[in-house]
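J.: Each chain, written out:
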Amino acid sequence: MAAPTTLAPVQQDEPVRGAPAGGRRWYQGGAAHIVLLGLLVVALYPIAYMIGTSFKSPQEILNNIDIWPREFSPGNYAEGWAGIPGITFGTFFLNSAVVSAGVVIGNVAACSLAAFAFARLRFPLRGLWFALMIGTLLLPHHVLIVPQYVLFNSLGWINTPLPLIVPKFLATDAFFVFLMVQFMRGIPRTLDEAAEIDGCGPYGRFFHVVLPLTKPALVTTAVFSFIQTWNDFFSQLVYLNDLDQYTVPIGLRLFLDSSGQNAIAPMFAMSVLSLVPVFLFFLFFQRLIVDGINTSGIKG
Amino acid sequence: MAVVTEAPVRAPRRGGRQADRAKEAVAGYVFLSPWLLGLFGVTLLPMLYSLYLSFTDYDLLQDPEWVGVENYVRMFTDDPKFWSSVGATLLFAVVSVPLKLAVALGVALLLYRNRRGVGMYRSLYYVPSLLGGSVAIAIVWQTLFSGQGAVNEVLGFFGIQGWSWITNPSTALGTLVLLAAWQFGAPMVIFLAGLKQIPAEMFEAASLDGAGRVQQFVHVTLPLLSPVLFFNLVLETIAGFQGFTAAFVISGGTGGPADSTLLYTLYLYMRGFGDFQMGYASAMAWVFLVALGVVTALVFRSGSLWVHYADEGDR
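In the order they appear, the protein sequences are chains Y and E. Every position in the first sequence, counted from 1, becomes a number in my numbering once 375 is added. Note that my numbering gives residue 186 to position 195 of the second sequence, counting from 1, and the numbers run on in steps of one.
Okay, chain E solo, but in the shape it has when bound (with noise of 0.2 Å):
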């Protein structure tokens, strides 16, 4: 198909092709130069020297004093904030992103079978994941979960009695991860979009050969949701490693109590923008750009064990 719309000659007129070639080079350029500004003034050649701040010691004051490795060093030998930012991000991004992904899933099969009032609920329950990463919402939460906030309250009319969730270090970042799982109707529509691509033979053909409901599920909805499935994985994952505002906001800032809520990002913020140290904040941001590159390729690695593709067959 590609060859068919790409290939045939563009320009009508005999003897003017090779002109008109340069003028749709010029022009080509001309469209992108905006953007490839953009690419090396503020994104390429920051990068570059932000690896090289990196190496440095720089307040914004006085001019970057080279260090060699000793950001990397004190990082990781000599920085117990450092581990525990990342502790704290690791179990955020695996609790959060399957649980979310494991709600979203339940209500878009839910919604797929009842159709009625499909529409309402999929805006109603979307209006989560508009809101929810706004400090407006993070201040909610906080309240929320606070010691004498609606959330005790509820459960004390259970006869359970709560404490300040926010406050006590074993159940803080439990509130981000739950704030995060609130968020599931961006996912959720994108399954459901997904549901209605699946043939309804499928189930039928399942269904004619003794498959139940659990057999259906398993051999027929997943691996023809697994692109889907996939693709939600892979931006929830990503999304997953890069909370701020929520554990900024609950936390006031930092990342309390007992580091239990100092996500990555904020840990970054706090010695970029706190502490002013330019160098040290580079150092961090390099270690987790690796690190979200290697997350991103085993997510995609794992993809290709357990995402089916229905053209599979044909090629």
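If we strip away everything but chain Y, and leave its shape as in the complex, we get (with noise of 0.2 Å):
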């Protein structure tokens, strides 16, 4: 322990934020929540000012900032949603469903494929292949960005999801294998050397024994890798170039280059749309979320 406490010269009085819960003193409750609150209307101010802009007249976007709009224009949504002449953010939004979906089933496949073997069989190069997993779990996507959009463009994938979906179905995002082996390795191995006393196969074990158990991790897998594709911008940006292969991301740039001022409350109604998805997987998914940080570091 590093902790040479005895050169310290004692300052009882002064509360210096930072301290832990040694002591219990004249803020024990009042201040702190004082501050802690402000910072949360400060935190969250971007977020209403979203919301409550998005339902102002265009006259009113200039000269109102509170967040409450004073006279109600649900028609914003109406006009966003018609977008774009020739096309509707529903496109948008059925294409982002399509690559998100994908993404998901990719992941979950693929990464607990690949993790059991990890965590649970024994076979020649274990120990590189593992090796070699780390290694690309901090491999910057922007680094393969060039080289893959050669290799899509020569098989005819530019302009469709494929490239932003098919390579999920061959474990790529490493993250998700990580996690998925520090899991299964929590599983009992008696549960496994029992089933295989039964006669169960390296297979058997996997779909009987082991996948039913990492359920948990299943799910942290499955709705991060939505909320991540769903964010996603910049691999969706280099790939679909068309009107209608465009995800929401994508769509909502559209209003920007084209925007005056007439065309800011459309574009917030639209953004708020964008994160409604996000917002009801972090609702029914909240603790998971939170606690999935906690364990993993893995961010939405």
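If you are wondering where the hints come from, they were derived from the structure by calculation, not from laboratory data. Predicted model only: the values in this text are computed from it and were never measured. Among these hints, one or two may not hold up.
Short, incomplete list of chain Y residues facing chain E, as computed with Cβ under 10 Å [what the hints assert, rightly or not]:
| # | residue |
| --- | --- |
| 1 | 407 |
| 2 | 424 |
| 3 | 440 |
| 4 | 444 |
| 5 | 488 |
| 6 | 519 |
| 7 | 578 |
| 8 | 602 |
| 9 | 619 |
| 10 | 646 |
Glycine residues also receive a C-beta, built at the ideal position from the N, C-alpha and C atoms.
Make the complex out of the two chains shown on their own, each in a separate frame, by following the hints.
T.: Structure below.
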């Protein structure tokens, strides 16, 4: 323990924020909560502002910065939804849903297979492959985007959701492989061994013993895959070029390109809508998401 | 421990042991096959291919043309925008990462002390982390910090004359830093979990020895929290060098004004997918990979100086 506490002159009555539980002083409750609440207002203001503004009329946006609109204009949503001539935001939502669903299924299926091999089976070169898997954890996505684009271009996959989905079926999201390996290692081996004695091979043990017990990690993977994909901008921007293939984030950007002051309210309306699925996931899986980043450090 | 769980004989049937081993090895590769295909097909071979491309001129239409180290030479000696992007990225990471971690740690300490309502605060503070990377929030940010935006209205209330923060070269990057720091919820949740692991006796002992709050923080909390701080630092540093969405949206895809928000990844994108200079973009990607490797190594190296592991004494 490196804690030379004796050197310290005692400063009893200076309440410095930063010292933990030790003493119980004047702000046990009161002042700290005021700070926390104040910070919360600042933290949530941009979101509240976005929602409020999405209901304001174009004139009001210029001269009313209150969160609450003076007159309620839900028409912004209809106007935003109609979006760009010839295409509605519904198309963008559908495209985003297809990509996200594909990524979720791919990640859950492929990462659990690889994780079972790493966590439970013994085979030659396992250590080498595992080290390579860890190595790809820190590999920035931007380094691979050019050669992958060339590859998918030669396959004729540009302007389709395939470059966004197919790699996930090859367990390229190493983070989720790692997450599942860690989880599977926590499942008692005696369960496998019992199944083995009962005549279960590796495949039976995976499907009937380990996979059912891995459910919490599978759900975590599915939820984070969804949120990441739904919010992702970079790769969707690179691979999708035609309007009818656009996903929600790319579609939103169109507003920004074409926007005068009049387009702000509809643009905000669609911004709000674009975040609704992520927010619903958060409401339903709140505990799991917040605890999930505890154990793994992944973020939405 | 590991020895006990890994080592015992796995095949109960005598004589079948060798065969079981072989069967398990085959099964191992069956389970691993999608991942292996991904590792080689989508990761390793494309990486090698991009190394080759970095020594060529390639626009996707004609075959790549070998130019040697010309891309690299041009990048380092004859491309002011490259250096702008390096500067902007470094500045962004060096300011936003410590700021974000400091806010996260401060709030975590406040929350840790006041357990009432922790669950609610934790969830609500996390919301910006959840939504912050989206295009929608970047759009909101751009509006908030524009000339007639809400930020200036609030400043005006205090008698401060603001300007258009996003079109002024000296403040545009600052709005991106604020957007990053605003998403302090995720590291805060990790700090909170780390604080819960510190045994209360540690503080009692320090308190009995006459340590005040500052001393407790410096000599008890910080050392015991240092592994968690290190974990957060690694994650946020790597993320800090890869900011793209907000810079792209807020600058309208240009990295402006005056290249002040031209983050490295944004410049790479412009070269590769705006100008279709695949060779040059590949060279940039490899420089990025090496630089990020060096930064990560430095962070890990520094960790051995200040990260304190509680079980070190036992070994």
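J.: Next step is simple, just say for each hint if it's right about the structure.
T.: Going down the list of hints, with the structure as the test:
| no. | hint | result |
| --- | --- | --- |
| 1 | 407 | 5 Å, holds |
| 2 | 424 | 6 Å, holds |
| 3 | 440 | 4 Å, holds |
| 4 | 444 | 14 Å, violated |
| 5 | 488 | 5 Å, holds |
| 6 | 519 | 6 Å, holds |
| 7 | 578 | 7 Å, holds |
| 8 | 602 | 7 Å, holds |
| 9 | 619 | 19 Å, violated |
| 10 | 646 | 4 Å, holds |
In the structure shown, a violation is registered for the earlier hints numbered 4 and 9, in ascending order.
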